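Student: Residues per chain, in single letters:
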Amino acid sequence: MNRVPLEKKVLSENDRIAAELRKRFHEKGLLCLNLISSPGSGKTALLEKTLEALPKSERVAVLTGDIQTENDAARLRRFGFPVKQITTGGTCHLDARMIERHLADWRLDEIDLLIFENVGNLVCPSSYDLGEAAKVVLLSVTEGEDKPLKYPSIFFKSELLVITKTDLLPYVPFDIDKAEENARRVHPGMEIIRTSSTKGTGLNDWLGWLERGKSTATARAGTLP
Amino acid sequence: MHELSIAQSVLHTVEAEATRHPGAKPTKVGLRIGELSAIDPDALQFSFEALTHETELEGLQLEIEVCPRRHRCLDCGTEFNIRDFDFRCTGCQSTRNECISGDQIEIAYLDLEEHEPSTA
Chain E
138 MNRVPLEKKV LSENDRIAAE LRKRFHEKGL LCLNLISSPG SGKTALLEKT
188 LEALPKSERV AVLTGDIQTE NDAARLRRFG FPVKQITTGG TCHLDARMIE
238 RHLADWRLDE IDLLIFENVG NLVCPSSYDL GEAAKVVLLS VTEGEDKPLK
288 YPSIFFKSEL LVITKTDLLP YVPFDIDKAE ENARRVHPGM EIIRTSSTKG
338 TGLNDWLGWL ERGKSTATAR AGTLP
Chain Y
-16 MHELSIAQSV LHTVEAEATR HPGAKPTKVG LRIGELSAID PDALQFSFEA
34 LTHETELEGL QLEIEVCPRR HRCLDCGTEF NIRDFDFRCT GCQSTRNECI
84 SGDQIEIAYL DLEEHEPSTA
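Line by line, the protein sequences give chains E and Y. Its first residue numbered 138, the first sequence is counted upward by one per residue in the numbering used here. Its first residue numbered -16, the second sequence is counted upward by one per residue in the numbering used here.
The set of hints was computed from the structure by calculation and includes no laboratory data. Mixed in with the good hints there might be a few duds.
[As the list claims (entries may be wrong)] Chain E stretches covered by chain Y per the calculated footprint, using a threshold of three residues with CB under 8 angstroms from any CB of chain Y:
1) 139 to 149
2) 236 to 249
3) 322 to 328
Source: prediction; values computed, not measured. For every residue, glycine included, the Cβ atom is placed at its ideal position computed from N, Cα and C.
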């Protein structure tokens, strides 16, 4: 019997493409974010509010992933910014090759903020690097406050937690302080923003976070990633 | 449920490696899966068996080593495993540390069996 050491990353092809994408984003000084949550946590609603609030001069673009339908892209296109739907046809996550393919006809030097809305899923998207500068995880108050403990990988790998649907807090047994404590147990020091897309609560905190991220990305343009 | 595509990718690597060793039969492939990798070892094992069923690779064993989440203390340099989300350094109790291992999905090795020359 002969043992051959391979020492190969299973997702090395994905990681290679993601690294190329990250390098391109970095050179252009654009901020790229990867939004991840369970289905129905309010990723599209948050993006609708975001695009509605941004000045028309803002150079923002969105790639939105779903297993089927163009519904989310249709919802987001109403605001006049470039939006493209990625339908994965069954795959439970976006991967770097899908991103590369869908970005092919966009001019990256005309974009300052590029947002990927991942397929609703807290597990699989955490394994696939898309070249983003940061992952953002969303958790709605209609879910369990122990989700960060049940899905530690994505909460650890995300830079920011956005708690959504806080307008429903009076009607659900969700302990928001406990949820934040759980998130910081998995990811000490994690940044957290509380929002309600319906009421507009916390939207300014979120827009401020985006603005700071964009400034950092612009300042770093052209330097080594 | 992305274990199926992970299993597919492992098999591509096995097939590519096997062509470099003509006449040898792959018998076992070893993976290292970090506990932060969001991979379920049972689902991966199941996908692997389903994909190799009735193929040339039928019977190829999959050995999965689950790797703990490991951090390095930024204050004293101690490396320690994280258990039950306790981030305190086992050396100096500091909570300033960085993750150095635990989200890997790696193929460690492939075992090959040389075919015995036919004696018929």
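Student: Taking the numbered hints from earlier one at a time, note which ones the structure violates and give those numbers from smallest to largest.
Tutor: 2
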